[in-house]
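Colleague: What follows is each chain in one-letter form.
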Amino acid sequence: MKDSKEKMDFFDRAGNIRKLWISLYGVCGLLVSVDFFLPAEAHFGLDGFWGFYSLLGFVSCAVLILLSKVAGFFLKAPENYYE
Amino acid sequence: MNNIPPAAILILGALLVPCFRSKFKNIFVVLLPLAAFGLILQLETGASWHFHFFGFNLTLLRVDKISKVFGYIFTLNAFAAFLYAFHLRDNTQHLAALVYVGSALGVVFSGDLVSLYLFWEAMAVSSTFLILARKTEKALAAGLRYILVHVFGGLCLLAGIVIYISQTGSVSFDAMAERNWGTGLILLGFLVNAAAPPLSAWLSDAYPESTVTGGVILSAYTTKTAVYTLVRGYQGWEALIFVGCLMTIYGIIYALLENDMRRILAYSIINQVGFMVAGVGIGTMMSLNGSIAHAFCHIIYKALLWMSAGAVLAMTGKSKCTDLGGLYKTMPWTMFFGVIGALSISSFPGTSGFTSKSLIIQGAIQQHLAWVWLLLEIASAGVFLHAGIKFPYFVFFAKDKGLRPGETNKSMLAAMGFLSFLCIFLGVYPKPLYQILPFEVTYQAYTFHHVVSQLQLLMFSALVFFLFLRLLKRTETISIDTDWFYRKGGQLFYRVMDRGLNGLNERAEQVFSVGLAGWLGRRSRDLPFRLAQVFLYPIWLALGLRGGELREESLALKQTLAKGASPVGIGAAVSTAFLLLFFILSGLI
Chain A
1 MKDSKEKMDF
11 FDRAGNIRKL
21 WISLYGVCGL
31 LVSVDFFLPA
41 EAHFGLDGFW
51 GFYSLLGFVS
61 CAVLILLSKV
71 AGFFLKAPEN
81 YYE
Chain B
1 MNNIPPAAIL
11 ILGALLVPCF
21 RSKFKNIFVV
31 LLPLAAFGLI
41 LQLETGASWH
51 FHFFGFNLTL
61 LRVDKISKVF
71 GYIFTLNAFA
81 AFLYAFHLRD
91 NTQHLAALVY
101 VGSALGVVFS
111 GDLVSLYLFW
121 EAMAVSSTFL
131 ILARKTEKAL
141 AAGLRYILVH
151 VFGGLCLLAG
161 IVIYISQTGS
171 VSFDAMAERN
181 WGTGLILLGF
191 LVNAAAPPLS
201 AWLSDAYPES
211 TVTGGVILSA
221 YTTKTAVYTL
231 VRGYQGWEAL
241 IFVGCLMTIY
251 GIIYALLEND
261 MRRILAYSII
271 NQVGFMVAGV
281 GIGTMMSLNG
291 SIAHAFCHII
301 YKALLWMSAG
311 AVLAMTGKSK
321 CTDLGGLYKT
331 MPWTMFFGVI
341 GALSISSFPG
351 TSGFTSKSLI
361 IQGAIQQHLA
371 WVWLLLEIAS
381 AGVFLHAGIK
391 FPYFVFFAKD
401 KGLRPGETNK
411 SMLAAMGFLS
421 FLCIFLGVYP
431 KPLYQILPFE
441 VTYQAYTFHH
451 VVSQLQLLMF
461 SALVFFLFLR
471 LLKRTETISI
481 DTDWFYRKGG
491 QLFYRVMDRG
501 LNGLNERAEQ
511 VFSVGLAGWL
521 GRRSRDLPFR
531 LAQVFLYPIW
541 LALGLRGGEL
551 REESLALKQT
561 LAKGASPVGI
571 GAAVSTAFLL
581 LFFILSGLI
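Chains as they are written, first to last, in our numbering: chain A, 1 to 83; chain B, 1 to 589.
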């Protein structure tokens with residue numbers, strides 16, 4: 001079992017978690033800003049808009065999570081459901 | 001003779017497994033797929049090993065680019081899987097795995113529907129033992145359901161083949177032109193093994209109940225032989241585009257709901273096979289290349305993910321995300337390899353998923369299939385969510401549950417290292433893979449625009465994961481899938497039969513055994529008294545007995561008969577009365 005005297009690990013430190021959050025926001029910001037310089041390469045019109053793939057990634061994942069949450073109301077069952 | 005069916009090496013080799021002891025057994029099973037890989041490398045294109053079977057021309061070995069590419073990856077993956085299982089001395093599991101992989105090779109190299117069917121069924125039976133070998137109650141029940149579903153799928157396939165042969169007179173397995181009952185039933189049989197909803201629940205039900213090494217082997221062959229058969233027989237069937245897109249989204253939703261790490265990976269198989277099935281449905285050279293390349297890469301990174309999860313299960317004995325977390329501290333290599341698998345399945349630039357899945361999406365773009373393209377992009381973002389981040393995050397990071405199992409054994413790490421290398425190698429240098437695909441590849445995955453758009457899609461997916469983490473918190477639940485129909489349906493059938501037939505049985509006992517027989521018994525017991533009473537009653541009346549005297553006389557008669565102490569006179573009188581009645585009746589008749 002976990003030893004209370006065990007040294008604090010990278011992910012145990014709140015400061016590091018904060019740095020990871022800042023990095024994630026930074027990377028996302030950087031990636032979306034590339035669209036300012038990147039010539040649009042549209043196959044269907046829609047995908048030529050600024051920030052299209054960023055928005056698609058964000059919205060589709062948010063919708064998928066919410067969808068699974070709604071589905072969970074109907075589909076989740078206790079572990080001994082079939083016993 | 002150079003052209004030996006590769007299936008023979010593994011299936012015949014399997015028979016020798018019990019002859020070897022200790023480490024030699026493992027060395028032998030690791031070498032077998034390598035020998036088969038070497039054989040496939042030098043197989044010459046063409047058909048051989050023809051047999052006459054009930055008037056049909058069977059072809060056990062049909063070699064072309066499609067069969068070879070599946071042959072390469074089936075044997076390479078088997079090598080990695082047996083290396084992973086190097087500590088295992090269980091004859092049952094090794095035998096089952098070798099026959100299973102050998103039969104899968106039999107399917108992809110058979111040139112006709114009859115031999116394909118025979119290998120298909122051999123796969124179903126042998127793979128079941130990889131589930132049963134876990135020897136838990138859950139595994140036994142899941143194994144039984146698994147084989148029943150595959151028997152159903154096999155029967156659909158057989159019925160389809162019989163109709164197809166009777167209509168065309170041919171047993172050869174090539175692109176299906178006609179759309180009729182025969183080809184439809186064959187397709188249904190293939191789709192059961194491809195785990196297309198609603199026929200998919202067998203996978204997420206049974207694979208997570210298999211043994212640690214069994215799961216690694218199972219993850220590769222059944223669904224990917226089905227992809228092979230679809231590529232061979234059903235390219236360009238538009239319905240498959242719809243089926244494939246449905247599979248991609250279905251897999252994500254269920255994987256997001258799941259708590260068991262190996263069940264998350266099982267659902268992500270359905271999601272990934274969805275991309276391949278959609279590629280087959282699009283049916284162009286680009287998309288078919290994509291489906292095959294994706295099957296190739298998927299086998300590698302999915303086996304890697306199952307190995308990583310298997311190592312965790314082997315070391316901790318736990319499989320639920322709610323019980324796991326913080327394992328990066330004591331299983332850093334397993335975590336590292338697991339993350340490579342997770343990045344590959346997410347098509348992260350620099351990994352094999354990026355160079356293979358892009359071909360399918362490019363196929364949709366070239367055909368101007370806007371909705372298909374959009375759905376596949378959405379599903380790509382969703383893959384990162386459910387398999388790319390969720391699996392490693394909840395197993396290796398998240399909340400430290402205080403588990404300190406230590407790193408897994410060296411052979412398992414070596415197998416994971418080998419597959420991780422392949423993931424990265426094919427990600428940065430896909431040329432060798434592109435060269436073995438059936439059609440020439442002119443596509444360039446690494447354009448600045450493609451890399452940036454893919455990174456945008458994935459990193460914003462990651463952002464959503466961590467922003468919505470509270471909604472993704474794991475619960476100790478299971479998810480109800482379409483197996484509900486036969487699991488609950490089976491219980492309902494049992495109850496209906498129990499109450500119906502046993503109720504009928506009980507009622508019949510009440511009516512006939514207790515009721516009728518009891519009534520007859522009582523009537524028979526009183527019969528002498530009643531008969532005597534019938535005959536004596538007029539005599540008593542003639543003697544002038546009335547009311548109470550009659551009742552007294554009747555009671556006395558009953559007691560006398562019950563005691564068997566009737567005077568001879570009464571007996572004689574009754575006998576005489578009987579005789580009289582007999583003569584009267586016979587006179588009347």
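Where hints are given, some of them may not hold.
List of simulated lysine-lysine pairs, DSS-like, C-alpha gap at most 25 angstroms [to be verified]: (1) B:K401 / B:K65; (2) B:K410 / A:K76; (3) A:K69 / B:K488; (4) B:K318 / A:K19; (5) B:K473 / B:K320; (6) B:K318 / B:K329; (7) B:K320 / B:K23; (8) B:K329 / B:K431; (9) B:K431 / A:K69; (10) A:K76 / B:K138; (11) A:K76 / B:K65.
Calculated Cβ distances over 10 angstroms to all of chain A for the following chain B residues [unchecked claim]: (12) Q235; (13) F397; (14) F465; (15) R507.
Hints in this document: simulated from the structure, not taken from any laboratory.
For each residue, glycine too, the CB sits at the ideal point set by N, CA and C.
Colleague: Against each hint, give a clear statement of whether it holds in the structure.
Modeller: Hint check:
1. B:K401 / B:K65: violated (49 angstroms)
2. B:K410 / A:K76: violated (38 angstroms)
3. A:K69 / B:K488: holds (24 angstroms)
4. B:K318 / A:K19: Violated: B:K318 and A:K19 sit about 31 angstroms apart, past 25 angstroms.
5. B:K473 / B:K320: holds (12 angstroms)
6. B:K318 / B:K329: The hint holds at about 17 angstroms.
7. B:K320 / B:K23: violated (32 angstroms)
8. B:K329 / B:K431: violated (37 angstroms)
9. B:K431 / A:K69: Violated, at about 41 angstroms.
10. A:K76 / B:K138: holds (19 angstroms)
11. A:K76 / B:K65: violated (44 angstroms)
12. Q235: holds (23 angstroms)
13. F397: Contrary to the label, B:F397 does not stay out of reach of chain A, its closest Cβ about 6 angstroms off (not over 10 angstroms).
14. F465: For B:F465, whose nearest Cβ neighbour in chain A is about 7 angstroms away, the distance does not exceed 10 angstroms, so it is violated.
15. R507: holds (31 angstroms)
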